[in-house]
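Everything in the sequence shown is counted per our numbering, starting at 34 for the first residue and increasing by one.
For the record, the hints were derived by calculation from the structure and aren't laboratory data. Nothing here was measured: the structure is a model prediction, and the numbers come from that model.
Distance condition first, Cα-Cα at most 16 Å in a straight line; then the derived EDC-like pairs of lysine to aspartate or glutamate:
#1 K131 to E85
#2 K128 to E189
#3 K35 to D315
#4 K246 to D315
#5 K128 to D79
#6 K185 to E219
#7 K128 to D77
#8 K131 to D79
Computed spacing ranges between beta-carbons, pair by pair:
#9 S298 to S84: 44 to 50 Å
#10 Q300 to E223: 30 to 36 Å
#11 I345 to E178: 40 to 46 Å
#12 A154 to I264: 30 to 36 Å
#13 G313 to W353: 20 to 26 Å
#14 K216 to E124: 24 to 30 Å
#15 D240 to S84: 42 to 48 Å
#16 Q347 to E124: 40 to 46 Å
#17 K216 to S84: 35 to 41 Å
#18 E50 to H212: 41 to 47 Å
#19 E124 to D351: 47 to 53 Å
#20 Q300 to E50: 32 to 38 Å
#21 P163 to A338: 42 to 48 Å
All C-beta atoms, glycine included, are put in the ideal place defined by N, C-alpha and C.
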Amino acid sequence: MKIGVFTVLFQDKSFEEMLDYVAAAGVTAVEIGTGGNPGNHFCDVDALLASETERDSFLAAIHNRGLTISAFSCHDNGVSPNQTEADLAHETLVKTIKLASLLNVPVVNTFSGVPGSDDDAKHPNWPVTPWPTAYSDIYTWQWEEKLIPYWKEVAEIAQAHDVKIGIELHAGFSVHTPHTLLKLREATNESIGANLDPSHLWWQGIDPVAAIKILGRANAIHHFHAKDTYIDQDNVNMYGLTDMQPYSEVATRAWTFRTVGYGHSPQVWSEMISALRTYGYDYVISIEHEDPIMSIEEGFQKAVANLTSVNINQPAPDLWWT
34 MKIGVFTVLF QDKSFEEMLD YVAAAGVTAV EIGTGGNPGN HFCDVDALLA SETERDSFLA
94 AIHNRGLTIS AFSCHDNGVS PNQTEADLAH ETLVKTIKLA SLLNVPVVNT FSGVPGSDDD
154 AKHPNWPVTP WPTAYSDIYT WQWEEKLIPY WKEVAEIAQA HDVKIGIELH AGFSVHTPHT
214 LLKLREATNE SIGANLDPSH LWWQGIDPVA AIKILGRANA IHHFHAKDTY IDQDNVNMYG
274 LTDMQPYSEV ATRAWTFRTV GYGHSPQVWS EMISALRTYG YDYVISIEHE DPIMSIEEGF
334 QKAVANLTSV NINQPAPDLW WT
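Model the full assembly from the supplied sequences, consistent with the hints where possible.
Next up, the structure:
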(Lines of atoms letter the chains of each structure in order from A and count residues from 1; the text may use other names and numbers.)
(Lines give C-alpha, C1' and ligand atoms only; values in the text may rest on other atoms or scores of the structure.)
Protein backbone atom coordinates (compact mmCIF):
# COMPACT_ATOMS: atom_id res chain seq x y z
CA MET A 1 0.00 0.00 0.00
CA LYS A 2 1.05 3.58 -0.62
CA ILE A 3 1.25 6.28 2.02
CA GLY A 4 -0.35 9.54 0.92
CA VAL A 5 -1.55 12.80 2.41
CA PHE A 6 -4.66 14.93 2.25
CA THR A 7 -2.98 18.13 1.09
CA VAL A 8 -5.51 20.55 2.58
CA LEU A 9 -3.18 21.02 5.56
CA PHE A 10 -0.53 22.70 3.35
CA GLN A 11 -2.55 25.66 2.10
CA ASP A 12 0.21 28.03 3.23
CA LYS A 13 2.28 26.69 0.33
CA SER A 14 2.04 27.04 -3.42
CA PHE A 15 1.11 23.96 -5.45
CA GLU A 16 4.71 23.26 -6.46
CA GLU A 17 6.04 23.92 -2.95
CA MET A 18 3.48 21.52 -1.51
CA LEU A 19 4.43 18.80 -3.97
CA ASP A 20 8.13 19.23 -3.23
CA TYR A 21 7.49 19.10 0.51
CA VAL A 22 5.36 15.95 0.55
CA ALA A 23 7.61 14.13 -1.93
CA ALA A 24 10.64 14.91 0.23
CA ALA A 25 8.75 13.56 3.26
CA GLY A 26 8.46 10.18 1.58
CA VAL A 27 4.79 9.95 0.66
CA THR A 28 3.87 8.80 -2.84
CA ALA A 29 0.25 9.94 -3.23
CA VAL A 30 -1.71 13.15 -2.77
CA GLU A 31 -5.40 13.67 -2.06
CA ILE A 32 -6.43 17.07 -3.40
CA GLY A 33 -9.39 19.24 -2.44
CA THR A 34 -11.61 20.55 -5.20
CA GLY A 35 -14.10 22.57 -3.15
CA GLY A 36 -16.58 22.31 -0.32
CA ASN A 37 -15.06 22.01 3.14
CA PRO A 38 -11.52 21.18 1.88
CA GLY A 39 -11.50 24.17 -0.47
CA ASN A 40 -9.78 24.18 -3.86
CA HIS A 41 -6.46 25.87 -3.06
CA PHE A 42 -4.45 23.50 -5.27
CA CYS A 43 -7.07 22.68 -7.88
CA ASP A 44 -9.01 25.15 -10.04
CA VAL A 45 -11.63 22.70 -11.28
CA ASP A 46 -13.16 25.01 -13.88
CA ALA A 47 -9.78 25.88 -15.40
CA LEU A 48 -8.75 22.23 -15.54
CA LEU A 49 -12.04 21.14 -17.10
CA ALA A 50 -11.70 23.84 -19.74
CA SER A 51 -8.13 23.19 -20.85
CA GLU A 52 -6.28 20.02 -21.79
CA THR A 53 -3.04 22.01 -21.58
CA GLU A 54 -3.82 22.95 -17.97
CA ARG A 55 -4.63 19.34 -17.17
CA ASP A 56 -1.39 18.10 -18.70
CA SER A 57 0.63 20.67 -16.74
CA PHE A 58 -1.20 19.80 -13.51
CA LEU A 59 -0.50 16.08 -13.89
CA ALA A 60 3.10 16.62 -14.99
CA ALA A 61 3.88 18.57 -11.82
CA ILE A 62 2.58 15.65 -9.77
CA HIS A 63 4.01 12.76 -11.77
CA ASN A 64 7.44 14.38 -12.20
CA ARG A 65 7.88 14.13 -8.44
CA GLY A 66 6.99 10.45 -8.36
CA LEU A 67 3.52 11.15 -6.97
CA THR A 68 0.03 10.05 -7.94
CA ILE A 69 -3.40 11.47 -7.07
CA SER A 70 -5.22 9.05 -4.77
CA ALA A 71 -8.48 11.02 -4.78
CA PHE A 72 -10.14 14.36 -5.27
CA SER A 73 -12.16 15.54 -2.26
CA CYS A 74 -15.10 17.93 -2.06
CA HIS A 75 -16.75 17.12 1.29
CA ASP A 76 -20.06 18.99 1.52
CA ASN A 77 -23.82 18.59 1.94
CA GLY A 78 -25.63 17.97 -1.33
CA VAL A 79 -28.91 17.34 0.49
CA SER A 80 -28.78 20.44 2.68
CA PRO A 81 -32.17 22.05 3.40
CA ASN A 82 -30.52 25.29 2.28
CA GLN A 83 -31.07 24.91 -1.45
CA THR A 84 -28.31 27.34 -2.40
CA GLU A 85 -25.79 25.31 -0.37
CA ALA A 86 -27.12 22.03 -1.77
CA ASP A 87 -26.93 23.26 -5.36
CA LEU A 88 -23.34 24.47 -4.95
CA ALA A 89 -22.29 21.20 -3.30
CA HIS A 90 -23.88 19.20 -6.10
CA GLU A 91 -22.34 21.33 -8.83
CA THR A 92 -18.89 20.95 -7.26
CA LEU A 93 -19.32 17.20 -6.87
CA VAL A 94 -20.41 16.66 -10.48
CA LYS A 95 -17.57 18.82 -11.82
CA THR A 96 -15.12 16.91 -9.63
CA ILE A 97 -16.38 13.57 -10.95
CA LYS A 98 -15.91 14.81 -14.52
CA LEU A 99 -12.39 16.06 -13.76
CA ALA A 100 -11.48 12.81 -12.02
CA SER A 101 -12.57 10.92 -15.11
CA LEU A 102 -10.46 13.10 -17.40
CA LEU A 103 -7.37 12.71 -15.18
CA ASN A 104 -7.86 9.01 -14.39
CA VAL A 105 -8.29 9.71 -10.69
CA PRO A 106 -10.26 6.70 -9.45
CA VAL A 107 -11.99 8.16 -6.38
CA VAL A 108 -13.88 11.28 -5.36
CA ASN A 109 -14.36 11.68 -1.60
CA THR A 110 -17.23 13.52 0.05
CA PHE A 111 -19.88 13.31 2.77
CA SER A 112 -23.32 11.78 2.36
CA GLY A 113 -24.80 15.02 3.61
CA VAL A 114 -27.75 15.26 5.96
CA PRO A 115 -31.18 16.71 5.12
CA GLY A 116 -33.48 18.75 7.30
CA SER A 117 -36.43 17.30 9.18
CA ASP A 118 -38.94 18.07 6.41
CA ASP A 119 -39.36 20.15 3.25
CA ASP A 120 -39.82 23.34 5.27
CA ALA A 121 -36.71 22.89 7.42
CA LYS A 122 -34.02 25.57 7.42
CA HIS A 123 -31.26 23.58 9.12
CA PRO A 124 -29.89 20.01 8.94
CA ASN A 125 -31.27 17.42 11.34
CA TRP A 126 -29.21 14.39 12.42
CA PRO A 127 -31.48 11.86 14.16
CA VAL A 128 -29.54 9.27 16.18
CA THR A 129 -32.19 7.87 18.51
CA PRO A 130 -35.41 6.01 17.58
CA TRP A 131 -37.48 7.56 20.38
CA PRO A 132 -39.34 9.87 20.69
CA THR A 133 -40.74 8.43 17.48
CA ALA A 134 -40.62 11.81 15.74
CA TYR A 135 -36.91 11.09 15.23
CA SER A 136 -37.66 7.75 13.58
CA ASP A 137 -40.15 9.47 11.29
CA ILE A 138 -37.54 12.08 10.35
CA TYR A 139 -34.95 9.36 9.70
CA THR A 140 -37.28 7.43 7.39
CA TRP A 141 -38.33 10.57 5.52
CA GLN A 142 -34.73 11.69 5.04
CA TRP A 143 -33.66 8.39 3.54
CA GLU A 144 -36.70 7.76 1.36
CA GLU A 145 -37.34 11.29 0.13
CA LYS A 146 -33.90 12.89 0.05
CA LEU A 147 -30.82 10.69 0.46
CA ILE A 148 -31.66 7.74 -1.77
CA PRO A 149 -33.09 9.78 -4.67
CA TYR A 150 -30.14 12.19 -4.57
CA TRP A 151 -27.47 9.52 -4.36
CA LYS A 152 -29.07 7.39 -7.05
CA GLU A 153 -28.54 10.31 -9.41
CA VAL A 154 -24.94 10.90 -8.28
CA ALA A 155 -24.10 7.19 -8.38
CA GLU A 156 -25.30 6.97 -11.97
CA ILE A 157 -23.14 9.96 -12.92
CA ALA A 158 -20.12 8.42 -11.18
CA GLN A 159 -20.66 5.03 -12.79
CA ALA A 160 -20.98 6.62 -16.24
CA HIS A 161 -17.60 8.30 -15.70
CA ASP A 162 -15.96 5.18 -14.19
CA VAL A 163 -15.31 7.01 -10.92
CA LYS A 164 -15.87 5.71 -7.39
CA ILE A 165 -17.40 7.83 -4.64
CA GLY A 166 -15.73 7.52 -1.23
CA ILE A 167 -18.24 8.61 1.38
CA GLU A 168 -16.59 9.47 4.66
CA LEU A 169 -18.35 7.89 7.64
CA HIS A 170 -18.63 11.05 9.72
CA ALA A 171 -20.73 12.33 12.61
CA GLY A 172 -23.41 14.83 11.70
CA PHE A 173 -24.14 13.14 8.38
CA SER A 174 -26.60 10.42 7.48
CA VAL A 175 -23.88 7.95 6.51
CA HIS A 176 -21.67 7.55 9.58
CA THR A 177 -21.49 3.78 10.21
CA PRO A 178 -20.80 0.65 8.13
CA HIS A 179 -24.55 -0.09 8.20
CA THR A 180 -25.60 3.28 6.81
CA LEU A 181 -22.88 3.11 4.14
CA LEU A 182 -24.03 -0.32 2.99
CA LYS A 183 -27.66 0.81 3.14
CA LEU A 184 -26.91 3.65 0.72
CA ARG A 185 -24.76 1.43 -1.50
CA GLU A 186 -27.52 -1.17 -1.76
CA ALA A 187 -30.03 1.52 -2.75
CA THR A 188 -27.75 2.96 -5.46
CA ASN A 189 -24.86 1.11 -7.11
CA GLU A 190 -21.34 -0.11 -6.39
CA SER A 191 -19.72 3.19 -7.29
CA ILE A 192 -20.76 4.18 -3.76
CA GLY A 193 -18.30 3.04 -1.10
CA ALA A 194 -16.44 4.28 1.96
CA ASN A 195 -13.66 6.72 2.49
CA LEU A 196 -12.92 4.94 5.75
CA ASP A 197 -11.45 7.06 8.53
CA PRO A 198 -10.94 5.19 11.82
CA SER A 199 -10.90 8.42 13.82
CA HIS A 200 -14.65 8.76 13.32
CA LEU A 201 -15.29 5.14 14.26
CA TRP A 202 -13.44 4.88 17.58
CA TRP A 203 -15.50 7.49 19.38
CA GLN A 204 -18.73 5.86 18.17
CA GLY A 205 -17.60 2.59 19.77
CA ILE A 206 -16.91 0.93 16.40
CA ASP A 207 -13.78 -1.23 16.09
CA PRO A 208 -12.08 -0.11 12.85
CA VAL A 209 -10.75 -3.62 12.15
CA ALA A 210 -14.29 -4.99 12.39
CA ALA A 211 -15.52 -2.19 10.12
CA ILE A 212 -12.79 -3.04 7.60
CA LYS A 213 -13.94 -6.67 7.61
CA ILE A 214 -17.60 -5.70 7.15
CA LEU A 215 -16.96 -3.25 4.33
CA GLY A 216 -14.08 -5.20 2.80
CA ARG A 217 -16.23 -8.30 2.36
CA ALA A 218 -18.64 -6.11 0.37
CA ASN A 219 -15.76 -4.61 -1.66
CA ALA A 220 -16.98 -1.27 -0.36
CA ILE A 221 -13.77 0.47 0.77
CA HIS A 222 -12.75 2.97 -1.90
CA HIS A 223 -10.26 5.10 0.07
CA PHE A 224 -8.74 5.29 3.55
CA HIS A 225 -7.85 8.20 5.83
CA ALA A 226 -5.14 7.84 8.47
CA LYS A 227 -6.13 9.85 11.51
CA ASP A 228 -6.17 8.84 15.16
CA THR A 229 -8.49 9.56 18.09
CA TYR A 230 -7.64 9.77 21.78
CA ILE A 231 -10.54 8.94 24.11
CA ASP A 232 -10.28 10.36 27.64
CA GLN A 233 -12.48 8.13 29.79
CA ASP A 234 -12.57 10.60 32.69
CA ASN A 235 -14.05 13.20 30.34
CA VAL A 236 -16.36 10.64 28.76
CA ASN A 237 -17.79 10.08 32.22
CA MET A 238 -18.68 13.77 32.40
CA TYR A 239 -19.67 14.67 28.84
CA GLY A 240 -20.44 11.41 27.09
CA LEU A 241 -19.20 10.58 23.62
CA THR A 242 -21.55 13.07 21.96
CA ASP A 243 -19.45 15.85 23.43
CA MET A 244 -20.37 19.30 22.06
CA GLN A 245 -17.35 21.15 23.46
CA PRO A 246 -15.18 22.85 20.82
CA TYR A 247 -12.27 20.77 19.54
CA SER A 248 -9.95 23.34 21.12
CA GLU A 249 -11.00 22.24 24.63
CA VAL A 250 -8.57 19.33 24.64
CA ALA A 251 -8.19 19.11 28.42
CA THR A 252 -11.89 18.49 29.00
CA ARG A 253 -13.15 16.95 25.76
CA ALA A 254 -14.25 13.30 25.80
CA TRP A 255 -12.25 12.60 22.66
CA THR A 256 -9.76 14.42 20.48
CA PHE A 257 -8.37 13.85 17.00
CA ARG A 258 -4.65 13.00 17.10
CA THR A 259 -1.96 12.23 14.60
CA VAL A 260 -1.29 8.57 13.84
CA GLY A 261 0.09 6.74 16.87
CA TYR A 262 -0.99 9.28 19.47
CA GLY A 263 -4.42 7.84 20.17
CA HIS A 264 -3.75 4.17 19.52
CA SER A 265 -0.60 2.07 19.50
CA PRO A 266 1.43 0.95 16.49
CA GLN A 267 0.06 -2.54 17.16
CA VAL A 268 -3.49 -1.28 16.61
CA TRP A 269 -2.46 0.47 13.40
CA SER A 270 -0.63 -2.64 12.16
CA GLU A 271 -3.81 -4.65 12.72
CA MET A 272 -5.76 -2.17 10.60
CA ILE A 273 -3.18 -2.25 7.81
CA SER A 274 -3.20 -6.05 7.83
CA ALA A 275 -7.00 -6.14 7.79
CA LEU A 276 -7.14 -3.74 4.86
CA ARG A 277 -4.91 -5.96 2.75
CA THR A 278 -6.58 -9.18 3.92
CA TYR A 279 -10.03 -7.88 2.99
CA GLY A 280 -9.15 -6.50 -0.41
CA TYR A 281 -7.98 -2.91 0.03
CA ASP A 282 -4.45 -2.43 -1.28
CA TYR A 283 -4.46 1.21 -2.31
CA VAL A 284 -3.52 4.44 -0.48
CA ILE A 285 -3.41 5.28 3.23
CA SER A 286 -3.99 9.04 3.14
CA ILE A 287 -2.79 11.01 6.17
CA GLU A 288 -5.25 13.58 7.48
CA HIS A 289 -3.85 15.88 10.17
CA GLU A 290 -6.28 17.54 12.60
CA ASP A 291 -4.27 17.23 15.83
CA PRO A 292 -4.95 20.31 18.01
CA ILE A 293 -1.79 20.04 20.12
CA MET A 294 0.76 19.28 17.40
CA SER A 295 1.95 21.52 14.57
CA ILE A 296 1.13 20.61 10.99
CA GLU A 297 4.77 19.84 10.22
CA GLU A 298 5.41 17.73 13.31
CA GLY A 299 2.07 15.93 13.11
CA PHE A 300 2.56 15.13 9.44
CA GLN A 301 6.14 13.93 9.87
CA LYS A 302 5.23 11.74 12.85
CA ALA A 303 2.30 10.27 10.94
CA VAL A 304 4.59 9.41 8.02
CA ALA A 305 7.13 7.80 10.34
CA ASN A 306 4.55 5.84 12.33
CA LEU A 307 2.70 4.61 9.25
CA THR A 308 5.95 3.69 7.50
CA SER A 309 6.83 1.44 10.42
CA VAL A 310 3.62 -0.60 10.10
CA ASN A 311 2.74 -0.28 6.41
CA ILE A 312 2.85 -3.28 4.07
CA ASN A 313 4.52 -2.11 0.87
CA GLN A 314 5.33 -5.16 -1.19
CA PRO A 315 2.83 -7.51 -2.86
CA ALA A 316 1.80 -10.58 -0.92
CA PRO A 317 4.06 -13.55 -1.74
CA ASP A 318 3.24 -16.97 -3.04
CA LEU A 319 3.08 -19.34 -0.07
CA TRP A 320 6.61 -20.58 -0.66
CA TRP A 321 6.70 -22.64 2.55
CA THR A 322 3.70 -24.84 1.69
